[in-house]
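As they're listed, the protein sequences go chains A, B and C. Each number in the working numbering comes from the position in the first sequence (counting from 1) with 4 added on. Each number in the working numbering comes from the position in the second sequence (counting from 1) with 4 added on. Each number in the working numbering comes from the position in the third sequence (counting from 1) with 4 added on.
Don't read these hints as lab results, they were simulated from the structure. Only a predicted model underlies this, so the values are computations on that prediction, with no experimental measurement involved. One or more of the hints may lead you astray.
One copy or two, it doesn't matter: identical chains are merged, so the pair holds either way.
[Claimed, not checked] Cut-off 25 Å, straight-line C-alpha distance, at most; resulting in silico cross-link-like pairs (PhoX-like, lysine-lysine): (1) 191 x 163; (2) 163 x 14; (3) 9 x 144; (4) 241 x 191; (5) 79 x 9.
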Amino acid sequence: MEYIKNIREKTPLIQFITNYVTVNDVANAALAIGASPIMTDEIKDLDMQNICNALVINIGTLNERTVETMIQAGKRANELGHVVVLDPCGVGATPYRNEVINKLLEEVKFDCIKGNISEIKAMANVSSKTNGVDACDADKTTRENMHDVFKFAKELSIKTGAVIAITGPIDVIADSKNAYISDNGCKEMRAITGTGCMTAGIIAASLVANPNDKLKAVTAGVIILGLAGERANKYAKGTGSLHIGLIDELSNMNDGILEMGAKIERFEI
Amino acid sequence: MEYIKNIREKTPLIQFITNYVTVNDVANAALAIGASPIMTDEIKDLDMQNICNALVINIGTLNERTVETMIQAGKRANELGHVVVLDPCGVGATPYRNEVINKLLEEVKFDCIKGNISEIKAMANVSSKTNGVDACDADKTTRENMHDVFKFAKELSIKTGAVIAITGPIDVIADSKNAYISDNGCKEMRAITGTGCMTAGIIAASLVANPNDKLKAVTAGVIILGLAGERANKYAKGTGSLHIGLIDELSNMNDGILEMGAKIERFEI
Amino acid sequence: MEYIKNIREKTPLIQFITNYVTVNDVANAALAIGASPIMTDEIKDLDMQNICNALVINIGTLNERTVETMIQAGKRANELGHVVVLDPCGVGATPYRNEVINKLLEEVKFDCIKGNISEIKAMANVSSKTNGVDACDADKTTRENMHDVFKFAKELSIKTGAVIAITGPIDVIADSKNAYISDNGCKEMRAITGTGCMTAGIIAASLVANPNDKLKAVTAGVIILGLAGERANKYAKGTGSLHIGLIDELSNMNDGILEMGAKIERFEI
Numbered sequence: 005m006e007y008i009k010n011i012r013e014k015t016p017l018i019q020f021i022t023n024y025v026t027v028n029d030v031a032n033a034a035l036a037i038g039a040s041p042i043m044t045d046e047i048k049d050l051d052m053q054n055i056c057n058a059l060v061i062n063i064g065t066l067n068e069r070t071v072e073t074m075i076q077a078g079k080r081a082n083e084l085g086h087v088v089v090l091d092p093c094g095v096g097a098t099p100y101r102n103e104v105i106n107k108l109l110e111e112v113k114f115d116c117i118k119g120n121i122s123e124i125k126a127m128a129n130v131s132s133k134t135n136g137v138d139a140c141d142a143d144k145t146t147r148e149n150m151h152d153v154f155k156f157a158k159e160l161s162i163k164t165g166a167v168i169a170i171t172g173p174i175d176v177i178a179d180s181k182n183a184y185i186s187d188n189g190c191k192e193m194r195a196i197t198g199t200g201c202m203t204a205g206i207i208a209a210s211l212v213a214n215p216n217d218k219l220k221a222v223t224a225g226v227i228i229l230g231l232a233g234e235r236a237n238k239y240a241k242g243t244g245s246l247h248i249g250l251i252d253e254l255s256n257m258n259d260g261i262l263e264m265g266a267k268i269e270r271f272e273i
Numbered sequence: 005m006e007y008i009k010n011i012r013e014k015t016p017l018i019q020f021i022t023n024y025v026t027v028n029d030v031a032n033a034a035l036a037i038g039a040s041p042i043m044t045d046e047i048k049d050l051d052m053q054n055i056c057n058a059l060v061i062n063i064g065t066l067n068e069r070t071v072e073t074m075i076q077a078g079k080r081a082n083e084l085g086h087v088v089v090l091d092p093c094g095v096g097a098t099p100y101r102n103e104v105i106n107k108l109l110e111e112v113k114f115d116c117i118k119g120n121i122s123e124i125k126a127m128a129n130v131s132s133k134t135n136g137v138d139a140c141d142a143d144k145t146t147r148e149n150m151h152d153v154f155k156f157a158k159e160l161s162i163k164t165g166a167v168i169a170i171t172g173p174i175d176v177i178a179d180s181k182n183a184y185i186s187d188n189g190c191k192e193m194r195a196i197t198g199t200g201c202m203t204a205g206i207i208a209a210s211l212v213a214n215p216n217d218k219l220k221a222v223t224a225g226v227i228i229l230g231l232a233g234e235r236a237n238k239y240a241k242g243t244g245s246l247h248i249g250l251i252d253e254l255s256n257m258n259d260g261i262l263e264m265g266a267k268i269e270r271f272e273i
Numbered sequence: 005m006e007y008i009k010n011i012r013e014k015t016p017l018i019q020f021i022t023n024y025v026t027v028n029d030v031a032n033a034a035l036a037i038g039a040s041p042i043m044t045d046e047i048k049d050l051d052m053q054n055i056c057n058a059l060v061i062n063i064g065t066l067n068e069r070t071v072e073t074m075i076q077a078g079k080r081a082n083e084l085g086h087v088v089v090l091d092p093c094g095v096g097a098t099p100y101r102n103e104v105i106n107k108l109l110e111e112v113k114f115d116c117i118k119g120n121i122s123e124i125k126a127m128a129n130v131s132s133k134t135n136g137v138d139a140c141d142a143d144k145t146t147r148e149n150m151h152d153v154f155k156f157a158k159e160l161s162i163k164t165g166a167v168i169a170i171t172g173p174i175d176v177i178a179d180s181k182n183a184y185i186s187d188n189g190c191k192e193m194r195a196i197t198g199t200g201c202m203t204a205g206i207i208a209a210s211l212v213a214n215p216n217d218k219l220k221a222v223t224a225g226v227i228i229l230g231l232a233g234e235r236a237n238k239y240a241k242g243t244g245s246l247h248i249g250l251i252d253e254l255s256n257m258n259d260g261i262l263e264m265g266a267k268i269e270r271f272e273i
């Protein structure tokens, strides 16, 4: 396992079209793990992609102008053969978000789609409640229902060609054949905004630097963030210092820490 | 007093149309006190309000597009019976901001209007100096002039139907009949951006969770933020760690801490 | 040397039209050093400039709407005799950014242009590689190539009338006659987003408060940020706590610390 070493050596250049709520954390998390983030959402500025390795689209604070940029950037990233990650933030909560996600899925091919379980259920047309941008408690993945989760993750993976990452108390990462579950992370992380958005960026970095096995690369990305939060939570005095500690831990993360700390299981699905 | 317990149990879902300067802190402060924030400013995405309990409008980095969204969202929130809080950030500093605030007051009914004293004076048409988004020192509330402050706060409350919260070295919270003053907070908080914006979100959460006495609910919201900053300031090493400590303290805040720490007086006005 | 005392006494009011990635840090850094930041990017809101002392333009997340505001604001700031600082974030990376910077240079006179070496090379039409918003390693200033750097900094200064600040492992600050180099800062700061953006704001504050010698005022601004990061790095546990420590150090910075910590040399060029 040299996932993190590969990121730090290759310094993936990642373009983000993302929400303005968590954008600073997304940039600092990407830098902390060894990637180089670029934020731009102006359609005239998409030549930026020529020097990039990956694109992350997050619809958190979408508007008509930026949605148009997302679509054009996604198509161009596909043409350039770049890694493309989708964070369908808040999908299922409004008809407009659903429409935008459907349009993106029609026009763009994604390497990974990462969401909380309510978002992924909404995309997989599985009955779900939504709580805005947070997952609904009734939806959460447990040891009991995880095979149901594997099932719709697998279906969404087959439909889209993407690795599906479902973050939550138990994280699920699945393609059409296999799934990993991870117990990394801690419940306190739910009280910090942006952990999901940061995860998407780290996944993109991991996919660029570790292209041979996409499922494992995405899984590594999910675990890195969870493990960083879990480690920071040991000394955090509240959600403010947890937030900062998480970035500290990302900047100190290496493959040894990842290997020792990863709590994962693999399933054929 | 179970203000905070009520917030943590009810987890108010709050939509923010707010500035991009302090939005991350606003989200993290809301999460820290037990609310669930959603940021969206696209008019097509306003169906988000159907799942929300409250709306906070902050004009800090307004533009023509988001102003239109603010108005539509405000009207819809009124129809839905949601709590609506206005943070008239920088009003009085430009004719455009004045025009927008007048339009908002015409179209939307607010449960609370929270500003610094320069902003509230501008809204109450009281002669004032402005210093952009910061209050002018010449304006600040003191024990000597506070009855004058009560007077125009009362008038603005009668005119708008809102509870008026005026933050500063001495905070004033007033409706048409009563006023509270609070000595919580510390002067170092002036050197962190976003304390006012965070306060507005916490007020909204408090109003949703404590609907029976609006004046007390708003007062609790103002004190919570001030007290968190005051406590963090005891160990902060500068404004960076004060900022983080403030979020830590919010996440650890409970009704016992609030009751022991609140420095308030009540006046009939 | 009373650079910082002057800032804290004059409290320069600085308008920022800046990117949404680092805007919170820019505001908190400005506050920490004693300035008062105002962020607004709506063309109808430019009356805000009437109460300001300076304007900082940063094109990091430019779009067509905000570019128009930048140009109008820049022209108005020139008419009002305000300090104007340009941060040409990412110039050289896309034709659109180049076009915008050319337009800004045609329409607006800047007191200071601050960028990393790749950005300044792009503006000086010196052959360079770009790495998006980060400087390219191949470009970095060293003791060996610094006279070449002085040469194109001088040329850009003559062409624009601005003091040129080139941040990097060795910072170069030059006008048409003299250059300072500074060894302050630390390499860990490259892994935090926004250090350059914060520097531009501190430069603007320094120029307002110390108008007699622009070259020295800009140099002080560059050193203040570098020194704050360097000091924070002594106790930081990672890039998260370095980020917060940097703001703490800015808030505690004074002219004694600056004088003792500045590592500078002056050259005639």
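Tested hints:
no.	hint	verdict
1	191 x 163	neither (31 Å within a copy, 45 Å between copies)
2	163 x 14	neither (31 Å within a copy, 38 Å between copies)
3	9 x 144	between (33 Å within a copy, 24 Å between copies)
4	241 x 191	both (14 Å within a copy, 23 Å between copies)
5	79 x 9	neither (30 Å within a copy, 48 Å between copies)
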